[in-house]
Amino acid sequence: MVKLDIHTLAHHLKQERLYVNSEKQLIQRLNADVLKTAEKLYRTAWIAKQQRINLDRLIITSAEASPAECCQHAKILEDTQFVDGYKQLGFQETAYGEFLSRLRENPRLIASSLVAG
Numbered sequence: 000m001v002k003l004d005i006h007t008l009a010h011h012l013k014q015e016r017l018y019v020n021s022e023k024q025l026i027q028r029l030n031a032d033v034l035k036t037a038e039k040l041y042r043t044a045w046i047a048k049q050q051r052i053n054l055d056r057l058i059i060t061s062a063e064a065s066p067a068e069c070c071q072h073a074k075i076l077e078d079t080q081f082v083d084g085y086k087q088l089g090f091q092e093t094a095y096g097e098f099l100s101r102l103r104e105n106p107r108l109i110a111s112s113l114v115a116g
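In numbering that gives the first Met the number 0, the protein residues as written are 0 to 116.
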């Protein structure tokens, strides 16, 4: 009787372990899908924002931007190929990101750099 209970318990535990491993793999796959979808959404949102800026430039300041220039800019935006920063910059990606963030936050630093040459 005890041997049968232990055997049944071992069988159930094995089945549960298989189920848990299967669920973990499914969650990992779903997380990867969510990450890919989020990256696509971010890229699409960035392109849409740039296209909106391009359209506003055409509508509001039509003297500065000709329709041909705006169409060319729109084509460039459509053909944009995104590359992950870490693939190009490696371990220095963080340093470049912090540098660019500080430049954005401090326009005087940019002006000083441009004046200095």
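Worth flagging that the hints you see were computed from the coordinates, not collected in a lab.
Quick reminder that beta carbons are idealized off the backbone N, C-alpha and C, glycines included.
Heads up, some of the hints might be wrong.
Straight-line distance between alpha carbons at most 27 Å, and here's what the computed DSSO-like set of lysine-lysine pairs gives [claimed, not checked]:
| hint | residue 1 | residue 2 |
| --- | --- | --- |
| 1 | Lys2 | Lys23 |
| 2 | Lys23 | Lys48 |
| 3 | Lys35 | Lys2 |
| 4 | Lys23 | Lys35 |
| 5 | Lys23 | Lys13 |
| 6 | Lys35 | Lys86 |
| 7 | Lys74 | Lys86 |
| 8 | Lys48 | Lys35 |
| 9 | Lys2 | Lys13 |
| 10 | Lys39 | Lys74 |
| 11 | Lys2 | Lys39 |
| 12 | Lys48 | Lys74 |
So the derived label-pair ranges between C-beta atoms look like this [claimed, not checked]:
| hint | residue 1 | residue 2 | range |
| --- | --- | --- | --- |
| 13 | Ser111 | Asn20 | 30 to 40 Å |
| 14 | Thr43 | Ser65 | 19 to 29 Å |
| 15 | Ile26 | Arg107 | 31 to 41 Å |
| 16 | Leu102 | Thr60 | 38 to 48 Å |
| 17 | Leu12 | Val33 | 29 to 39 Å |
| 18 | Gln14 | Tyr85 | 57 to 67 Å |
| 19 | Lys23 | Glu77 | 54 to 64 Å |
| 20 | Gln87 | Leu34 | 43 to 53 Å |
Tested hints:
At roughly 31 Å between alpha-carbon atoms, lysine 2 and lysine 23 are farther apart than 27 Å, so this suggested pair is violated. Only pairs whose Cα atoms come within 27 Å are accepted, and lysine 23 paired with lysine 48 is rejected, the gap being roughly 37 Å. Straight-line distance between C-alpha atoms of lysine 35 and lysine 2 comes to about 50 Å, which puts the hinted pair past the 27 Å bound. Only pairs whose Cα atoms come within 27 Å are accepted, and lysine 23 paired with lysine 35 is accepted, the gap being roughly 18 Å.
Between lysine 23 and lysine 13 the alpha-carbon distance is near 15 Å, which keeps this suggested pair within the 27 Å criterion. About 16 Å separates the Cα atoms of lysine 35 and lysine 86, which keeps this hinted pair within 27 Å; it holds. Under the criterion of a C-alpha separation no larger than 27 Å, the hint pairing lysine 74 with lysine 86 is consistent with the structure, at around 25 Å. The suggested pairing of lysine 48 with lysine 35 holds, with an alpha-carbon distance near 20 Å, which does not exceed 27 Å.
Restraint check for lysine 2 and lysine 13: satisfied, since their Cα atoms lie roughly 16 Å apart, inside the 27 Å limit. At roughly 19 Å between alpha-carbon atoms, lysine 39 and lysine 74 fall within 27 Å of each other, so this suggested pair holds. The straight-line distance between the Cα atoms of lysine 2 and lysine 39 is roughly 55 Å, outside the 27 Å bound, and the hint therefore fails. The hinted pair formed by lysine 48 and lysine 74 meets the criterion: a straight-line CA distance of about 14 Å does not exceed 27 Å.
The hinted range of 30 to 40 Å is not satisfied by serine 111 and asparagine 20, whose Cβ atoms lie roughly 58 Å apart. A hinted range of 19 to 29 Å for the beta carbons of threonine 43 and serine 65 is consistent with their spacing of about 27 Å. Between isoleucine 26 and arginine 107 the C-beta distance comes to about 48 Å, which lies outside the given range of 31 to 41 Å. Range check, leucine 102 to threonine 60: about 26 Å between beta-carbon atoms, so the 38 to 48 Å window is missed.
Distance hint for leucine 12 and valine 33: a CB-CB separation of about 31 Å, consistent with the stated range 29 to 39 Å. The hinted range of 57 to 67 Å is not satisfied by glutamine 14 and tyrosine 85, whose Cβ atoms lie roughly 41 Å apart. Here the CB-CB span from lysine 23 to glutamate 77 is close to 39 Å, at odds with the stated 54 to 64 Å. Restraint check, glutamine 87 to leucine 34: a C-beta distance of roughly 19 Å breaks the suggested window 43 to 53 Å.
Checked against the numbered hints given earlier, the structure breaks hints 1, 2, 3, 11, 13, 15, 16, 18, 19, 20 and satisfies all the rest.
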